[in-house]
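A.B. asks: Protein chains in written order, with our numbering: chain A, 1 to 746; chain B, 747 to 901.
Because the hints were derived from the structure by calculation, they are not lab data. For clarity, every value in this text was computed on a predicted model and none was experimentally measured. Where a beta carbon is used, it is the ideal one built from N, C-alpha and C, also for glycine. One or more hints might be untrue.
Stated by the list, open to error - Taking lysine-lysine pairs in the DSS-like style, the calculated list, with each CA pair at most 25 Å apart, reads: (1) B:Lys901 x A:Lys679; (2) A:Lys112 x B:Lys768; (3) A:Lys294 x A:Lys153; (4) A:Lys255 x B:Lys901.
Unchecked claim - Have a look at the derived ranges for each label pair, beta carbon to beta carbon: (5) A:Glu694 x B:Glu875: 43 to 49 Å; (6) B:Lys749 x A:Asp549: 54 to 60 Å; (7) A:Thr158 x B:Glu875: 56 to 62 Å; (8) B:Lys759 x A:Glu574: 56 to 62 Å; (9) B:Arg758 x A:Lys729: 39 to 45 Å; (10) A:Asp549 x B:Thr869: 40 to 46 Å; (11) B:Glu776 x A:Lys524: 46 to 52 Å; (12) B:Pro827 x A:Gly538: 52 to 58 Å.
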Amino acid sequence: MDKLNIVGKSSFRVDGIDKISGRSIYPQDIKLKEMFHAVTLRSTVPHATFTLNTEKASKMSGVVKIFTAHDVTGKNEHGVLFKDHQVFMDRKINRIGDPLALVVAETLKEAKVAMKEIEVLYNELPGVFCPLEAMNEDAPKIHGDSNIIANMKLEKGTVDFSKCDVVVENTFKVPMVEHAFLQPESAVSYIEDDKLVVISSTQYPHWDRFELSLALGLKEENIKVLNAAVGGAFGGREDITSQIHVALATKTLKKPVKITYGREESFLAHSKRHPMTIRMKIGALKDGKITAMKNEILADSGAYASWAPSVLRKAMTHSTGPYEIENVKVNAKSVYTNNPFTGAMRGFGATQVAVGYEQIIDQLAEELGISTYEIREKNILRIGSKTGTSQTMYNSVPVDRCLEAVKKEMEIIKKKPVNKDMLTGYGIALSIYGTGYGNGFPDVSSNIAKINSDGKIEIFSGFTEVGQGAKTVMAQIASEVFNTSSSNIIINCEDTDKVPDSGTAAASRQTYNTGNAVKKSCEKLKDIILNLAQKELGLNNNIGLEVKDELVYLRTLPSMEITFKDLFSKYKDELSSKGKFVAQTTQMDDLSQGAPYWPYGFNALGVKVEIDPATGRINVVDGVFAQDVGRAINPRLVEGQMDGGFVMGLGYALYEDINLVDGEIKNRKFSSYIIPTAKDMPTLKKIIIEDPEETGPFGAKGIGESVTIPAAPAILNAIYDASKVRFTKLPVTPIEFMKKFGNKYD
Amino acid sequence: MMKKLNFVVNNRKYSIEVDPRKTLLDVLREDLKLTGTKKGCGSGECGACTVVIDGQNVNSCMVFALDMEGKEVITIEGLAPKSGEIHPIQQAFVDHGAIQCGFCSPGMIMSTSAILEKHEKPTEEQIREGISGNLCRCTGYVKIVDAIQSLAENK
Numbered sequence: 001m002d003k004l005n006i007v008g009k010s011s012f013r014v015d016g017i018d019k020i021s022g023r024s025i026y027p028q029d030i031k032l033k034e035m036f037h038a039v040t041l042r043s044t045v046p047h048a049t050f051t052l053n054t055e056k057a058s059k060m061s062g063v064v065k066i067f068t069a070h071d072v073t074g075k076n077e078h079g080v081l082f083k084d085h086q087v088f089m090d091r092k093i094n095r096i097g098d099p100l101a102l103v104v105a106e107t108l109k110e111a112k113v114a115m116k117e118i119e120v121l122y123n124e125l126p127g128v129f130c131p132l133e134a135m136n137e138d139a140p141k142i143h144g145d146s147n148i149i150a151n152m153k154l155e156k157g158t159v160d161f162s163k164c165d166v167v168v169e170n171t172f173k174v175p176m177v178e179h180a181f182l183q184p185e186s187a188v189s190y191i192e193d194d195k196l197v198v199i200s201s202t203q204y205p206h207w208d209r210f211e212l213s214l215a216l217g218l219k220e221e222n223i224k225v226l227n228a229a230v231g232g233a234f235g236g237r238e239d240i241t242s243q244i245h246v247a248l249a250t251k252t253l254k255k256p257v258k259i260t261y262g263r264e265e266s267f268l269a270h271s272k273r274h275p276m277t278i279r280m281k282i283g284a285l286k287d288g289k290i291t292a293m294k295n296e297i298l299a300d301s302g303a304y305a306s307w308a309p310s311v312l313r314k315a316m317t318h319s320t321g322p323y324e325i326e327n328v329k330v331n332a333k334s335v336y337t338n339n340p341f342t343g344a345m346r347g348f349g350a351t352q353v354a355v356g357y358e359q360i361i362d363q364l365a366e367e368l369g370i371s372t373y374e375i376r377e378k379n380i381l382r383i384g385s386k387t388g389t390s391q392t393m394y395n396s397v398p399v400d401r402c403l404e405a406v407k408k409e410m411e412i413i414k415k416k417p418v419n420k421d422m423l424t425g426y427g428i429a430l431s432i433y434g435t436g437y438g439n440g441f442p443d444v445s446s447n448i449a450k451i452n453s454d455g456k457i458e459i460f461s462g463f464t465e466v467g468q469g470a471k472t473v474m475a476q477i478a479s480e481v482f483n484t485s486s487s488n489i490i491i492n493c494e495d496t497d498k499v500p501d502s503g504t505a506a507a508s509r510q511t512y513n514t515g516n517a518v519k520k521s522c523e524k525l526k527d528i529i530l531n532l533a534q535k536e537l538g539l540n541n542n543i544g545l546e547v548k549d550e551l552v553y554l555r556t557l558p559s560m561e562i563t564f565k566d567l568f569s570k571y572k573d574e575l576s577s578k579g580k581f582v583a584q585t586t587q588m589d590d591l592s593q594g595a596p597y598w599p600y601g602f603n604a605l606g607v608k609v610e611i612d613p614a615t616g617r618i619n620v621v622d623g624v625f626a627q628d629v630g631r632a633i634n635p636r637l638v639e640g641q642m643d644g645g646f647v648m649g650l651g652y653a654l655y656e657d658i659n660l661v662d663g664e665i666k667n668r669k670f671s672s673y674i675i676p677t678a679k680d681m682p683t684l685k686k687i688i689i690e691d692p693e694e695t696g697p698f699g700a701k702g703i704g705e706s707v708t709i710p711a712a713p714a715i716l717n718a719i720y721d722a723s724k725v726r727f728t729k730l731p732v733t734p735i736e737f738m739k740k741f742g743n744k745y746d
Numbered sequence: 747m748m749k750k751l752n753f754v755v756n757n758r759k760y761s762i763e764v765d766p767r768k769t770l771l772d773v774l775r776e777d778l779k780l781t782g783t784k785k786g787c788g789s790g791e792c793g794a795c796t797v798v799i800d801g802q803n804v805n806s807c808m809v810f811a812l813d814m815e816g817k818e819v820i821t822i823e824g825l826a827p828k829s830g831e832i833h834p835i836q837q838a839f840v841d842h843g844a845i846q847c848g849f850c851s852p853g854m855i856m857s858t859s860a861i862l863e864k865h866e867k868p869t870e871e872q873i874r875e876g877i878s879g880n881l882c883r884c885t886g887y888v889k890i891v892d893a894i895q896s897l898a899e900n901k
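Please take these sequences and the hints and turn them into a complete structure.
C.D. replies: Spelled out as C-alpha cells, the structure:
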C-alpha cells in the first residue's frame with residue numbers, strides 16, 4: 001500500500017470545538033416559536049387491558065389535544081424487525097412503560113399537570129416475567145399464541161463428549177442492563193414547506209423516516225429527519241421512542257411540538273441489553289485441543305422483539321469464541337415476557353456469550369493443568385481456521401498477536417507490588433466480533449462525493465455521529481484520497497433530504513461499510529477530476545497528474561496546475577460521484593452453517609483486581625488491552641473506544657443490573673443504577689494491533705462493539721484467581737461476592 | 747408569582763423576573779438561552795449541568811435560581827476569556843481526545859475549572875475525585891484525566 005498521509009494520524013475531531021464550547025445542538029436545546037410541549041402517559045402495570053378517560057384532562061388549562069390510539073393517522077405500529085410495538089396502546093398493555101397517550105399543551109407544566117388527570121382503568125392480566133416460564137404452554141401470551149420469538153440451532157460436526165479426555169460444564173447468568181447514555185431522548189418537529197420535519201437524536205435517520213411514514217400515513221418524501229447531536233447511543237437509539245409521537249402531534253396540530261424525556265422516563269422508554277442464561281459444555285483432548293462444545297442460550301426479549309432474532313443469531317454464532325472447534329452444537333431461544341423490552345446494546349449478543357466462553361475455557365485449562373495462555377494458544381482462530389459456522393478466516397486474524405501482546409504486558413503487571421491487605425488476582429479474556437447486520441442481509445452504505453463552488457470536497461452520507469468519531473473518520477478517509485487536510489472536508493450526514501441512506505450506526509459497521517462507500521466515491525471523483533484537468537491543461541493523458549490541497553498539478557512540471565474551484569466553474573455538474581458498498585455475507589443454512597458476518601475483529605485483555613476480603617469490594621487496578629483494528633484510521637479515536645468499551649464492560653461485571661420486580665424497573669436513577677465513575681477506571685495500557693483487512697477502507701475494521709466484550713470475563717477470571725470462587729452470575733457486587741466468599745473469610 | 751433575581755452570569759449582570767420554583771439550570775437554559783449547560787438527570791446525579799458558582803462546581807439542577815441573588819455564575823459559554831475564543835481547558839480536552847458524544851463535556855469542563863481553582867497542581871487522585879460527580883458513558887474518563895493532568899503540569 002502507498003504511504004498514508006492522513007489515515008493513521010490522530011486528527012482532531014471535526015465536532016470537537018462545538019462540543020467543548022457548548023454549541024453542539026441536541027434536540028432538547030431547541031426552542032421554536034409557538035412551540036407546544038408534550039408528555040407521554042405510560043402504563044404503570046405490566047399486563048392488562050385498559051380504558052382511558054381523557055375528558056377532564058383535555059379541559060385543563062393550556063391543553064391543546066390529548067392523543068391516543070384513535071388519533072394515529074397511519075398504522076398504529078412500529079418495530080425494527082417485527083411491527084409489534086404500538087404508537088399508542090389500543091387494547092392490551094404488555095409492559096410497564098407502554099405509551100397510552102400524549103398530552104400536548106402550551107407549556108410543559110400544563111402538559112404535566114393535565115396528564116395526572118387522565119383516568120386509566122386497568123383490568124390486570126396475569127403476567128409472565130421468567131423466560132423459562134414464558135415457554136410453558138399455559139403461560140400468559142404476550143403477542144399471538146406463542147411467546148417464543150426465535151428458536152435457532154447451530155450444528156457443526158458431531159458433538160460426542162465421550163471422545164474427550166476432559167469435559168467441563170457451567171451455567172452463566174448475565175443481567176438486563178441499561179445503555180445509560182447521558183443525553184435523554186428528545187425530539188422536536190415542525191412543518192416546513194409542506195414537509196414534516198423531525199429533529200431527534202437517532203442511530204439511523206433513514207430508518208426513522210420509514211417508520212414515521214408508516215405510522216403517520218405519509219410518503220417518505222414528505223418527511224425530513226434531521227439528526228441533531230447524539231449524546232451517546234450504544235444501541236439504545238435504534239428503536240423508535242418519541243419520534244412518531246412528536247411528529248403525529250405536529251402533523252395534526254400544524255404547530256411545532258417538543259418532547260424531552262427525563263432520566264426515569266428514558267429508563268422506561270428504550271430497550272435494554274438481553275439478559276441471558278447460557279449453559280455451556282466444553283471438551284478437550286489431553287493435549288489441550290478443544291474438540292467439542294455444546295451451548296444452550298435462553299434470552300429474555302421482554303415485551304417486544306426489537307432485534308431479538310438478530311441478537312440471538314450473533315450470540316449463537318459467537319458462542320464458540322475466537323476458537324476453532326471441530327464439533328459444535330448450539331440451541332438459542334428468545335422469548336417474550338412482560339419485562340421491559342430488550343434489543344441492541346454494544347456487542348449485540350456477542351458480549352453476553354463471552355462471559356461464558358472465556359470463563360469455561362479457564363476452567364478447562366485448570367482441569368487440564370495447563371496455563372490460561374496455553375489453552376488459548378492451542379485453540380485460537382488463525383489464517384485458514386474455520387469458525388463454528390464453518391466460515392473460513394482468510395485474512396486479518398491477529399488473535400495470536402493480541403494474546404501475545406497481553407501475555408507480555410501481564411508479566412510486567414504481575415511483577416508490580418501487591419497490596420497485602422487485599423486478595424489479588426489476574427485474569428485474561430479474548431473476544432471475537434463479526435461486523436454488520438449479517439446473514440446475507442443487504443448491508444448497504446452509500447455516499448456522494450462532490451466538489452462545491454469553493455473548490456472544497458463535500459461528503460454526503462446518512463451515517464450517524466453518536467460520539468464514536470464517525471465524522472472525523474469519514475473526513476480522514478476522504479482527505480487521504482484527495483491528499484488534503486481532513487479539516488478541508490465538509491461532512492453532511494444529518495439531513496435525510498440531502499444524504500443517501502448509509503444504514504444504522506451499529507454493529508461496528510460505519511467505519512467498514514460507510515468508510516468503504518466514502519473511499520469508493522472519492523476515488524471515482526478523483527478520477528473525474530484528473531480527466532477534466534487533463535482536458536483543461538491540454539495534456540495527452542492523465543499520467544503524472546496528482547491532487548493536493550484542492551488543486552491538480554503535473555508532477556513533472558508542477559507549474560501546470562488547476563484548482564478544484566476553477567474546474568467547478570466550468571464542470572459543475574460533472575464533479576459528483578456516487579459510491580456504494582455492500583458487505584459480503586451469506587445467509588446460513590438450517591444448521592447455521594455459512595459466512596454470516598465479515599470482517600471479524602478480535603481483542604485480548606488482561607486485568608489485575610484487588611478484592612477487600614472484609615467487604616467484598618472489588619477494584620480493577622491495572623490492565624492491558626490489545627485491540628485488532630485492521631488499520632487504525634485515527635489511533636486516538638481507537639483508544640477512546642477501547643477506554644469507553646472497557647469501562648462499560650467493567651460496569652457489566654461489577655455494578656450494573658436492572659432491578660425488576662414484576663416487570664417494574666426499581667432503579668431508574670443514577671443513584672440506584674450505578675455506572676462507573678472516574679474513580680473506578682484503572683490504568684489501562686492500550687495496544688493497537690494492525691493487520692490490514694483486505695476488504696476494509698485502507699484496511700480498517702470497526703471496533704465499537706468489540707471493545708466492550710472482553711472486560712467482564714477478564715475481570716471474572718481475575719476474581720477467580722484472587723478468591724478461587726467462580727462467579728457465574730453478573731454483576732459481582734460486594735454482597736454477591738461475600739455471599740460466596742464470606743465463609744472462607746470467617 | 748414571579749420574583750426578581752439579580753445575579754451575574756458569565757460576567758454579565760442580569761436583573762430578571764423568575765419563577766421561584768425554577769432551578770438555576772432551567773433558568774439558564776430556558777430564560778437566558780444558555781443551552782450549553784446540559785440536563786442529564788435533573789436530580790444531581792450525573793453532573794451534566796455543572797456550573798461554577800463563586801469558584802465552586804455545583805449541579806445547577808440542585809439549586810433554586812433565586813438563591814443566586816448577588817452571586818456570580820460561570821457556564822461553559824463564559825469560560826473562555828473572550829467570546830469566540832477557546833479556554834485552555836477546552837483546548838486540552840480537544841487535544842487529548844477527551845470528548846466523544848459531548849453531552850457530559852460542558853459539565854466535565856466546568857468541574858475541571860473548579861479543580862484547577864482549588865488545587866495549584868492537582869494529583870491524579872484529586873482529579874478523579876474532582877470529576878467523580880460527572881458521569882461519562884463514552885470515554886472511560888481516561889482521556890479526560892489526561893487532559894486535566896496536562897493542564898496541571900503546565901501550570
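A.B. asks: Mind checking the alpha carbons of Lys294 of chain A and Lys153 of chain A for me, to see if they're no more than 25 Å apart?
C.D. replies: holds, 11 Å
A.B. asks: CB of Asp549 of chain A to CB of Thr869 of chain B, is that within 40 to 46 Å?
C.D. replies: Holds, at about 45 Å.
A.B. asks: Given a hint of 52 to 58 Å, does the C-beta separation of Pro827 of chain B and Gly538 of chain A actually sit inside it?
C.D. replies: holds, 54 Å
A.B. asks: Taking the beta carbons of Arg758 of chain B and Lys729 of chain A, is their distance inside 39 to 45 Å?
C.D. replies: violated, 55 Å
A.B. asks: Quick one: are Lys759 of chain B and Glu574 of chain A within 56 to 62 Å, going by C-beta?
C.D. replies: About 57 Å separates the Cβ atoms of Lys759 of chain B and Glu574 of chain A, which means 56 to 62 Å holds.
A.B. asks: If you draw a straight line from the CA of Lys255 of chain A to the CA of Lys901 of chain B, is it 25 Å or shorter?
C.D. replies: violated, 52 Å
A.B. asks: 46 to 52 Å was suggested as the range; check whether the CB atoms of Glu776 of chain B and Lys524 of chain A agree with it.
C.D. replies: holds, 48 Å
A.B. asks: Assess, step by step, whether the Cα of Lys901 of chain B is no farther than 25 Å from the Cα of Lys679 of chain A, and give holds or violated.
C.D. replies: Given pair Lys901 of chain B, Lys679 of chain A holds - Cα atoms ~23 Å apart, limit 25 Å.
A.B. asks: Do Lys749 of chain B and Asp549 of chain A keep their Cβ atoms within the hinted range of 54 to 60 Å?
C.D. replies: Distance hint for Lys749 of chain B, Asp549 of chain A holds at roughly 58 Å.
A.B. asks: Using the C-beta atoms of Thr158 of chain A and Glu875 of chain B, is the stated range 56 to 62 Å upheld?
C.D. replies: holds, 58 Å
A.B. asks: Using the beta carbons of Glu694 of chain A and Glu875 of chain B, state whether their distance is inside 43 to 49 Å or not.
C.D. replies: For Glu694 of chain A and Glu875 of chain B the Cβ distance comes to about 47 Å; the hint holds.
A.B. asks: Would the hint linking Lys112 of chain A and Lys768 of chain B be met if the CA-CA limit is 25 Å?
C.D. replies: holds, 15 Å
In terms of the numbered hints stated before, the structure departs from hints 4 and 9, listed from lowest to highest.
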